[in-house]
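S.K.: Starting from the known structure of chain F, fit chain P onto it as the hints suggest.
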Amino acid sequence: MSGTVHTATDQIKAEVPHPYHLVDPSIWPLLGAVAAMTTFAGIILAAHLHFYYLLGAGLIFDGTIMYVWWRDVVREARTPGMHQIVTQVGLRYGMALFISSEVMFFVSFFWNYFNYFFYPDKMGTAFAAVWPPQGITTIDPFAIPLFNTMVLLLSGTTVTWAHHCLLENDQKNLVRGLGITVILGLMFLCGQAWEYTHSPFPFYHGGIFASSFFIATGFHGLHVIIGTIFLIVCYFRAKSGQFSPERHFGFEAAAWYWHFVDVVWLFLFVCIYFLGRSAIVAG
Amino acid sequence: MSTTHDTRAHADHGHHKQSFVQRWLMSTNHKDIGTLYITMAFIGACVGGTLSMIMRQQLMYPHNDWVTNGNTWNAIITAHGLLMIFWFVMPALIGGMGNWFVPLMLGAPDMAFPRLNNMSFWFLACGFVFVMLGLFMGTGTGAGWTLYPPLDNAQYSPGMATDFSLFSLHLAGISSLLGAINFIATILNMRAPGMTMHKMPLFCWSILVTAFLLVLAIPVLAGAVTMLIMDRNFGTSFFEPSGGGDPVLFQHLFWFFGHPEVYIMILPAFGIISHVVSTFSKKPVFGYLGMAYAMVIIGFVGFVVWAHHMFVSAIGTDSKIYFEVATLVIAVPTGIKVFSWIATMWGGSIEFKTPMLWAMGFIFLFVLGGATGIVLANAALDQELHNDYFLIAHFHYVLSMGAAFGIFAGFYYWIGKMTGHQYPEFWGKVHFWSFFIGVNLTFFPQHFLGLAGMPRRYPDYADAYAGWNYVSSVGSMISGLSTLVFFYVLYRVFTGKDKLADNYWGEGATTLEWAVPSPAPQHTFLDVPVIR
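Line by line, the protein sequences give chains F and P.
Going by the numbering used here, the letters in the first sequence line up with residues 1 to 283, in that order.
Going by the numbering used here, the letters in the second sequence line up with residues 1 to 532, in that order.
The shape of chain F in the complex, shown without the other chains (with noise of 0.2 angstroms):
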């Protein structure tokens, strides 16, 4: 774009063959969107009609064409020359901007947190201007969600045990520390279906704190159902020996997946917890 160069052929002064992973076609894009389309149909389908099939079809089509698809992935990583140091530096980059993407995503629900945190007037002038609203108990920060804080930290340090063990490539630890994470996972998720259940506020129709509080929580522990789901993948692979200490990207995009997890919990648990906790706590 500069200096004395005339035409685009005058740039180039020579070619060497291309280090990247060409696709071949493949038809599970096309099969994939269209779950996603038949899966928010079905939710609209549930929510206005009560009928649930196209909903569960839909599921059973995500999960159907994510196996597919990266069954695939997997293949090709380990087909050797497919994934060379190029390939592997692209698929960081993707890792690394779509967990970006999730932080933003968790942005929009702690935006809507705060809004009525700092602002309670917000609420209208039907409501005292107080957080959390008045009438609202609210969960004990220190009952269940301080178990889940050190359940997801310890899960964290067990993640990262594995991770040491796999760069001295002692494949026997890795393999533990990860279903050890696994099951802290399976953990969390047990507390938060326990804590759900005994709510002391409803979620439908429960107002603008139980909204608040539902909707992050739940999008969090959606998150952590994804990342357990990744991690049990880890697992497996790990058990039959597909990460070396020099290749084991996808353990270490579910080791990245795993702490934006635990991150965001940890704002949860100080924000929605701690501080808007009522001055007399259930649980």
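Rather than coming from a laboratory, the hints here were simulated on the basis of the structure.
No experiment lies behind these values; they were computed from the predicted model shown.
Among the hints, a few may not be true.
Unchecked claim - Chain P regions said to be covered by chain F (calculated; three or more residues, Cβ under 8 angstroms):
| # | region |
| --- | --- |
| 1 | 160-169 |
| 2 | 187-198 |
Said to hold, decoys possible - What follows is a list of derived Cβ distance ranges for each label pair:
| # | chain 1 | residue 1 | chain 2 | residue 2 | range |
| --- | --- | --- | --- | --- | --- |
| 3 | P | S242 | F | P200 | 17 to 25 angstroms |
| 4 | P | K429 | F | V68 | 50 to 58 angstroms |
| 5 | P | L328 | F | Y52 | 50 to 58 angstroms |
| 6 | F | F114 | P | S313 | 16 to 24 angstroms |
From the three backbone atoms N, C-alpha and C, an ideal C-beta is built for every residue, glycine too.
M.R.: Below, chain P alone, put in the same frame as chain F:
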């Protein structure tokens, strides 16, 4: 150079023939996916444009009876907005031309994630199905493209249409997000050896900044839309005052996405205009680094000005002062761009080929739209003008003239590279001039209507506004006829028999897409060029 040519040709021969299904439904080729996107944009523009013609027919005379039902009118304006943004401008500029030319300009054989690239397209196609359901089901989605509650809550928009429109935004959003991740990974990771960031063509810079805006803005829209869907269907009260919710919060979340979105629509056009102006002035772009970083600055500042869309939504005076000043700051990097384009032309040997006409039209009309933007940035003036036709005129000058002229500039500039056939110069110029006259006649009078107080979003108006509305409707018909000329241009291109040189624009065109044959073969740069 002949040896390198031979290797490329050889690679092309080695490629076995694909079936129709493999090529178009299972594609992992950036050029084919780009073509799919451009086709989507063509369909979106035809439907969205038809809706605008219906609106102008209704508004041609006062008390007209084309669209007598207010719900239908609201559904039309909603679908027009959604279609033109998500199914015309974005797929044309980002998915279409971005897919086609970013890898070519970088000297890369394809995008970083070819399957993901294809899924981005199909998400958009599925979203199109949903947005059409939103238009046609029941009374349609009548909340406007901004989808403010309470207009679209369960009470005022019952029925499934609004849910389909909301989920269409989810589908289009996922599409854009995955596409954006793909573009960033491609641009950061797959530039040809020797092509540093500071040697990268400006179109790639524009797509890079756009992609970052998408990654950071789209998820916030997704969160807001999710909360709306929950409010409508699952008993929450995020935006329901009866449960303590705050409808203005939705506007904040929406415009935190919505303002970056306007730069998402215009930055790729900036990139195209830089290339076209440079090519037809036969000079390198003036102030290359300034041009690149001006886009970066526009991207940054674009994230902190959102509430200037909300001056009439009961935000505090201090907020208004901040958002007004921050908005005016954007005029600085935008000015850098405009003056650099002019300086690029200065002293150049300018050739008025059709792409250059569109580019110069872009500069002229975008500056006009920018000037009314400075008017509207003033919170006090916006109080008066926000809900009338002055605002309609403003954003159509930057979009239906800015972004659309950028798309046409890119189309005429690159169609030979994409199809191997040149457009007919005479009819290209007829298209430009008729469209230029049509859109100006449509939208310039709307400034007068707005200053005179004609409110927007109504299917009818007081008799006093009749004159300029008639002019505006005549203008829209001229634009419609001009589009027929464009169809003829397309016909001539696709039935063309001519053979084009690799670099049919000659010495002014210096980016790497001009080093490959026209049409660009299925696979390019399987041998990566090393840049000087």
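S.K.: For each hint, tell me whether it holds in the structure or not.
M.R.: Evaluated hints:
| no. | hint | verdict |
| --- | --- | --- |
| 1 | 160-169 | holds (count 4) |
| 2 | 187-198 | holds (count 5) |
| 3 | P:S242 to F:P200: 17 to 25 angstroms | 21 angstroms, holds |
| 4 | P:K429 to F:V68: 50 to 58 angstroms | 51 angstroms, holds |
| 5 | P:L328 to F:Y52: 50 to 58 angstroms | 53 angstroms, holds |
| 6 | F:F114 to P:S313: 16 to 24 angstroms | 18 angstroms, holds |
Figure legend: structure checked against the earlier numbered hints; every hint is met.
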